[in-house]
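Given chain A, put chain B in place with the hints provided.
Protein chains: 2
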Amino acid sequence: MSKRRSRLWEVERSLVDVAMGRAKADLVIKRGTLVNVFTKELIEEVDVAIKGDRIALVGKADHTIGPGTLVIDAEGKYLSPGFLDGHVHIESSMVTVTQFARAVLPRGTTAVFIDPHEIANVLGLEGVKLMLEEAKGLPMKVYVSVPSCVPASFPEFETAGAEIGPAEVEEAMRWEGVVALGEVMNYPGVIYGDEKMHGEIQVSLKHGKVVEGHWAGPIGSELSAYAASGVSSSHESTTKEMGLAKARLGMYTMVREGSAWKDLADVIKIITEERIDARRVCLVTDDRHPEDLISEGHIDHIIRRAIEEGVDPITAIQMATINTAEHFNQDQDIGSVSPGKFGDVLILDDLKSVEISVVIADGKVVAKEGKLIEELRPPTYPSFAKNTVRVKKRPTPSDLEIRAPIDEGSVKVHVIGVLEGKVNTKHLVEELEVREGKIISDPERDLAKVAVIERHKLTG
Amino acid sequence: MSKRRSRLWEVERSLVDVAMGRAKADLVIKRGTLVNVFTKELIEEVDVAIKGDRIALVGKADHTIGPGTLVIDAEGKYLSPGFLDGHVHIESSMVTVTQFARAVLPRGTTAVFIDPHEIANVLGLEGVKLMLEEAKGLPMKVYVSVPSCVPASFPEFETAGAEIGPAEVEEAMRWEGVVALGEVMNYPGVIYGDEKMHGEIQVSLKHGKVVEGHWAGPIGSELSAYAASGVSSSHESTTKEMGLAKARLGMYTMVREGSAWKDLADVIKIITEERIDARRVCLVTDDRHPEDLISEGHIDHIIRRAIEEGVDPITAIQMATINTAEHFNQDQDIGSVSPGKFGDVLILDDLKSVEISVVIADGKVVAKEGKLIEELRPPTYPSFAKNTVRVKKRPTPSDLEIRAPIDEGSVKVHVIGVLEGKVNTKHLVEELEVREGKIISDPERDLAKVAVIERHKLTG
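Keeping their order, the protein sequence lines are chains A and B.
Going by numbering that gives the first Met the number 0, 182 is the number at position 183 of the first sequence; the sequence numbering is gapless.
Going by numbering that gives the first Met the number 0, 238 is the number at position 239 of the second sequence; the sequence numbering is gapless.
Here chain A stands alone, though its shape is the one from the complex (with noise of 0.2 Å):
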């Protein structure tokens, strides 16, 4: 499992090979009806052929048959590509990369595009590296985006743990496994002419990688300078408007579901209303919470979400393969089941339920009926990447205290009003108890304390 994947000019005449029948396959699967995402077609009675980690033939694969040749029979199920999720931060889901690969792949997400940010806001380059060595063990392909807004606001906001500008984001750029810039949130800074951002975008681009969009600004003029400075994507739209905007500026709009913020239901209308070419839209989770990976599951959830809106399911599993395979200039490896592709091949039960039986993963079987096959080996992190919270003293209830002018009675307070499942949020004034000079929480209309504690440099 630690071996490295091979590259295709390595391993191309042993495909050829293969498929010509000089050869035999590892790996065949018999009979299943293809999700074509390039013809946007269901193909039936199609085999596949694997031989290592890649596809050798799709079509008829008999004559790549020996006697070392695993045989799935896949009749009356589909074969789809496995599927990817374009940007998700795995530390939002508050596990390790390899605990989220046990999580995801029996849901069938064979790659994911990371944006490793929270980590590096605490660690810098050294963590967005950990994620990357933790990962290459792994049968899910990790893509890395190097994290652009660290730290994610300013000083007068914020006290960072890690810097990270154009010099980083250039050695970075030279990693094997680092395919764009990550999302540039600070969209301000790149429309207003802050050098810092433009400095890390100018090296991505130089390097000839996609550079990662983060909009949630108007749709006029300004989208359209943060479109010609080279970010090509956004996954921060929550209505169709916005989502059609970026689209028709040729931005790749990521249609996002995770566990903090659903936009599908809104954004999907760009595909359900205004029946747009769905080339350029993604499915993407952003962040995802444990619960929810178990209990839902990943990008297997999102397209059955997006079906249930309207969307047709060859076109959903478009959205979370092809289309973002292309968006990140992987499709020769990723993103689809044809000749000289990674064997990243779910074989499904059902279409519209997207009911996965068997994921296939560099061509090994790695899940059968929701569960791994083999248990992945735990990660280790060297010292300096643990026991980072560095706080001066444990906070006790009274560093919550909030002092009110008077002893008894009720005041008015700020409230931030939290929205279900939207990023925005709302300034709401709502009266509070105050019991001897102290403003009292009231767990019943869900208004609760919240304090943000200084955690890198023991001042909090």
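Any given hint could be a false lead.
Heads up, the list lumps identical chains together, so a pair's fine if it works in one copy or across two of them.
Stated by the list, open to error - With a straight-line cut-off of 27 Å between C-alpha atoms, the simulated DSS-like cross-links for lysine-lysine are: (1) Lys363 <-> Lys205; (2) Lys205 <-> Lys128; (3) Lys195 <-> Lys23; (4) Lys23 <-> Lys205; (5) Lys39 <-> Lys268; (6) Lys39 <-> Lys239; (7) Lys437 <-> Lys2; (8) Lys205 <-> Lys135; (9) Lys351 <-> Lys39; (10) Lys261 <-> Lys448; (11) Lys351 <-> Lys59; (12) Lys448 <-> Lys128; (13) Lys448 <-> Lys392; (14) Lys59 <-> Lys29; (15) Lys205 <-> Lys2; (16) Lys385 <-> Lys128; (17) Lys437 <-> Lys425; (18) Lys261 <-> Lys29; (19) Lys448 <-> Lys411; (20) Lys135 <-> Lys385; (21) Lys425 <-> Lys239; (22) Lys59 <-> Lys239; (23) Lys2 <-> Lys128; (24) Lys39 <-> Lys421.
Hints in this document: simulated from the structure, not taken from any laboratory.
Chain B only, in chain A's frame:
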């Protein structure tokens, strides 16, 4: 005109400045109906602001207009990306790159993907370089594939003027403007394990380049084997079934409509009858004679032909713009009218008849109403590129005499039957008159003698 084109990372900041109105555009096209090749929509009342050679904004552009801005009113007209020819041998037009540009720019072709294997057959890599060098100063962009099959056949069939192998391919892969390995015509070599062909494919893939195909063989396992090698396109389909088989394997199906070969009427049925997703279908000419360029046109003609056959105009334009750009991984520069891309924009009077009134390339108006605005500088060639037809003696009619076994009467002869507009030929046997022991041609029945004369090594 000989100014080097910008890279996006060099100019992105100035594009952002224009989009935000902090700097002014050089050219603004106002109120056109945009052919949106991403979303497959027509969008009305769209302005396009261009700075230097790239697009800064697509939307409302009044704030980008300054005293020095050229404004073109496109009300009631259509805006399309410049057309791309995804596979063409300029040598087959029997003119220089400059002359070719003169003919096709007014027809809306702003970029061509050339495979200069004819000049390479004579001059080797040096010939390829000459084409690249000549192209540099032109307003038409020229992307080069390194010829993979030089010589085109085997020593038994052909006396070669030059040879290109893996080492030469590797050298050329480092040249600016080289984007692919040229059509791998030796498909038997690929599927039967020819060292040279695999060597060339491997170095091309290693350099991250596209490998162009040419498959005229059967559509079963052999085609899978060919695709598994890394070849990702084929323009050599003469039937719907051939086109479909390639598209289903994820190869870009290039629908060819040139001068010698006219495959569109049959192959376009993959769209009009099979209704497949057109994302990996492109329109190409392959070979185009000068008189046809002048009388019928170039890619504009093929788009018209596709529309005549029932393809909707936006899909037809996608097949000649964004699809081709994506295949060659050049969509960050060409293939769409969107921020950051080169200012290659066509203003069309009518969509269905593809009537082009203005051609803008690199942000400059280069043609109007079918005429170039400014003459292109004639190229100069080094002496080694001239007088390359070296024959022992000037051919005379007696060289074409064919002796018959009888003196007078008639004999049966083998005839290569031409199938009008098709690449295949037919083996015919015809009766021809014999006079004084010589077989006589019959122009009435279009039966002529043909000969191949060795022209490289003074042996012919």
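### Query
Which numbered conditions among the earlier hints are violated in the structure presented, ordered from lowest to highest?
7, 12, 18 and 24
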